[in-house]
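Listed below are the residues making up each chain.
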Amino acid sequence: MKKALAPRFAFWGALAAGLLCAAAPLAAPAPDSARAPEAFARLPVLEGGRVKPLDSFARNSLLLIRGTQTLPVDGRQVSAVEWLLDALTRPEAADTYKIFTIDDPEVLGLIGLDAGRERRFAYWQIEPRAEEVRAQAGRAEKVESARRTRFQSAVLNLAQRLDLYERIKNTLMIAGSQDPAGELAAFGEAVPDALHGAHSGGRATPRERAAMKVLAELLERYRFLAGAAAFKPLPPRAGEADDAWSSIGEAMLKPVGPGGEPHPGLASFALMARARRKSDDAGFRQALAEYAVWLESARPDDARRARDEVRFNRAQPFVSGMALYVAALLGIFAWWATRRAEARAAALGLLAAALLVHTAGLAARILLQGRPPVTNLYSSALFVGWVAALLGLVAERAHRKGFAAAGGALLGFCTLVIAQNLTTSGDTMEMMRAVLDSNFWLSTHVVCVTIGYGSTFLAGALGIAWVLRRQFVSRPDPEMTRALVSLGYGVVAFSLLFSFVGTTLGGIWADQSWGRFWGWDPKENGALLIVLWNAFILHARWAGYARERGVMVMTVFGNVVTALSWFGVNMLGIGLHSYGFMDKAFYWLAAFCALQLALMALGLLPPRFWEAPESP
Amino acid sequence: MPRESLVRRAARALSSLKLTLTCLALLMLLVVACTLLQVPLGTRVAVERTIRTFLVWAPLDGGRRLPVFPGGGLVGAVLLVNLLFAQFLRLELSRRKAGMWLAHLGVVLLFVGEFGTALFQVESQMPIEVGQTRDYSEDVRRLELAVADATAPDADVVTAVPDSLLRPGAEIAHPSLPFSIRVRRWYANSELGMRKPDSPPSEATAGIGPGLDVREAPEVASDDAENAAAALIEVRDGAESLGTFWVSNELGAPQGFARGGRTWRFSLRPRRYYLPFALTLEEFHHDIYPGTDIPKNFSSIVRLRDPSRGEDRPVKIWMNNPLRYDGKAFYQASFGQGDRVSVLQVVRNPGWRLPYLACALVALGLVLHFGAKLASSLGGAR
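Those sequence lines, one after another, are chains L and W.
Position in the first sequence (from 1) plus 572 gives the number in our numbering.
Position in the second sequence (from 1) plus 26 gives the number in our numbering.
It should be emphasised that the hints constitute simulated quantities derived from the structure, not laboratory data.
Quick caveat: nothing in here was measured; it's all calculated off a predicted structure.
Please note: incorrect hints may appear among the correct ones.
Label-pair restraints from in silico Cβ distances [claimed, not checked]:
(1) Thr318/W <-> Gly647/L: 37 to 43 Å
(2) Pro1179/L <-> Thr318/W: 16 to 22 Å
(3) Asn347/W <-> Arg972/L: 26 to 32 Å
(4) Ala770/L <-> Glu337/W: 55 to 61 Å
(5) Gly1116/L <-> Val33/W: 42 to 48 Å
(6) Val94/W <-> Glu713/L: 35 to 41 Å
In silico contact screen, one side only, chain W against chain L (beta carbon under 10 Å); selected entries [stated by the list, open to error]:
(7) Ser31
(8) Val65
(9) Gln363
(10) Val367
(11) Phe396
Backbone N, C-alpha and C define an ideal beta-carbon position, used for all residues, glycine too.
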């Protein structure tokens, strides 16, 4: 009795411990949650076509510019939103933060920075040469993206990051403005006199003429702000269209509406900015609290959704998931080393916890975005890993050898790492361009194709397990090998089904939107290659040309085909489906493919070939 | 005995799985080649050279070419024959194999559909400005020499010559034309410019040709580039020359001549497909996400008028929602001129439904087959 109970305890214990660890960032009180930046982070703004909390905007911007979500300043980690607050209100401080990552030596040369191994620079270091960077970027922009040189891509990328940073600085107030609240007051005072003067038919008093001059200058500044703003913080008021958010500049320029009063957010943001400039924490908090109260009454839904998204950002389920997948993998290794049932149960408990956290993360994204799980390259990576881990856990129940679980955990971890690296290209919940704006096709075609990717990778992981076992495990275990091979075959069949259905559904979508079922577009071809390769494996097996070794080595090649189809075709820079050029990923992809080919070669060599033949 | 055995051997070879595997491997290589060639050649030309051909040709010096690889058409045809033979000779007709039958039948339909598309699909575009009415679509990839009898004030009588006939030395005559046209030069792509003082003398004698400098240019293949074709044509009445003209799809102004009380006009223009009905663009919408320039939707509201069927109704064409009418489908493809012009893609493909059926069959077949296998393997495990 006791013997049967221990593994069960181990499983549930590991599961619970894993979930608790993942939930910790949510449950733990945020570092002083009443602190002003945390409350500021929850304010909703419109940017990139959707309403999001400032927290998301801050994180995405810092990821774009620096590649990280936090920033060390004077030996302290500064959160993304604190950085954003400084850039918005105290640009002279933010200009000294080293946020611009520049790797390209030629771009460094252009700016005249030779900092040895330093790769991160502050705005003030780049500013003197910013015009030159912009000029070079303008030239690079005219070159087709696939044909740009490394320097051209790098300089264009730097110019875009500089532009984003400068727009952020000019969102709440003109960068370096001393007293935005004072300006607002001056504007309000100048308006009546200036209007009176303007309608006096040239007989304006000196006082009115002065007011007109002040107003003209301020209008000029607000016009500039309206054009420069990085996001729109002011929500539509009652009676306005639901997407009529406005920037500070736009709200100032808008003729005073029938209600008569200016947008209440204008004063609040100006007060917040002034308080922040003067390091008046109490004043900042008060202005923020007043605005939050107004927001809660005027836009309760936006406020709630923004709070939910901040919670999701803080929970970072995919980071916890990553750690749990590693823990599960280590658990499986421990099981293989000790052969103890408790170790197996604990490992599976950890894997289940990882999968649950991963699932929760995906579900949260679906809810926040109102979209099926896969909408872009980032989310496809999340989903591929999820499919592989889920399939691995299910397959583990059929063949209790640990390989399926290990493969699932490994793929879950790897794809989350890939996803993490893809976050540096901006908002991962971006809006879908016209043709893609179809939840029906996103949830059928895209999901099926992505399931096909995930399962083909799982088959490949099993193939690798087979190859490694054959070379490095001395004790033959025919039952284990049989389990691996039959599992591999089953997963290939599963992949064929999903990749075929997914690919042809894509054809039907294409027929609905472009008038052709099949256009031999690179992404379509990539999907077709996966289908053909899986069909090839199955037919080779049915015909008897490939047996155990042939099938397992071929599944490893499936990794190459899938990786090229998933990422490789995006690097061609053409086609209706391409997501953009990623030159860094190219080297990783090449290394991955080379590794797979090496593993295939290892699989084709005789087992334990390096050992001297046993002497007779 | 030898005869029968020969037939049997051929049948066996055609139904062999070795042939299947060879064809699958060749097809994969072709797909890879097609994908990689799209970078330099553009999608259309890459597909024409690798997939929609029976042999892949490598160009040699001196304009000759050498077949280097079986093309998609050949591999597909062999695979189709192989599939049919294997299906009927090898696969037993039983409930156990029902899934395989369905799946392979679906694959056959997919192949047939793709062959049908290659043979019968006609793609063209219809750009319409808001308020304008159109009863034809155009194929910018193919041109035609339109010879119009513009004598009558209200309607032209057009005789169109496809560009495939415009080859140097060709003599074109038609009962509707009281003259013949001799093609003296044909450039698939050209550079057109105004003549400069140092330009060589123009070969044209009439129209705007004498003022033009026309030079042959290498043909461009990429998907968004357009060739400026040019033809030097001589209009003849028996032995008498009535004038030599340069025509090009880049030249907007009409050219022509008058003879015997009739006025004739020439133009080299995208090939037109006339429709038995007309579309009027009433509205065009280009929606964006708020605060961005990311397109959210494009939609055209057109009025469809077909007197022969008594149709006169508004239709909304937008992303993923084409208008299907009279065997053709009209898709929202593009737009231009500050959202004043909507470009509809017009596709006629009689076999467009085949892939839908094929996909359903394959999916059903695979689910049946693998489902049965899974059930039996799980049953066996217990």
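Against chain L, with CB atoms and a cut of 10 Å, does the hint on Phe396/W hold up?
-> 5 Å, holds
Cβ distance range 26 to 32 Å for Asn347/W and Arg972/L, holds or violated = Taking Cβ atoms as reference, Asn347/W and Arg972/L lie about 50 Å apart, which means the hint is violated.
Is the hint on Val367/W kept, meaning its closest Cβ partner in chain L is under 10 Å away?
-> 17 Å, violated
Cβ-Cβ distance between Gly1116/L and Val33/W: within 42 to 48 Å?
-> 25 Å, violated
Given hint Ser31/W near chain L, where the shortest CB pair must fall under 10 Å = Hint violated; Ser31/W Cβ to chain L Cβ min 23 Å, cut 10 Å.
Does 55 to 61 Å hold as the CB distance between Ala770/L and Glu337/W, or does it fail?
-> 58 Å, holds
Is the shortest C-beta separation between Gln363/W and chain L less than 10 Å?
-> 18 Å, violated
Classify the hint on Val65/W as holds or violated, based on whether any CB of chain L lies nearer than 10 Å to its CB.
-> 6 Å, holds
Hint says 37 to 43 Å; check whether the CB-CB distance for Thr318/W and Gly647/L agrees.
-> Roughly 38 Å apart at Cβ, these two residues keep to the hinted range, so it holds.
Do the beta carbons of Val94/W and Glu713/L sit within 35 to 41 Å of each other?
-> 39 Å, holds
So does Pro1179/L sit 16 to 22 Å from Thr318/W, Cβ to Cβ?
-> Given about 58 Å between the Cβ atoms, the range is violated.
Hint compliance for this structure: hints 2, 3, 5, 7, 9 and 10 are not met, and every other hint is.
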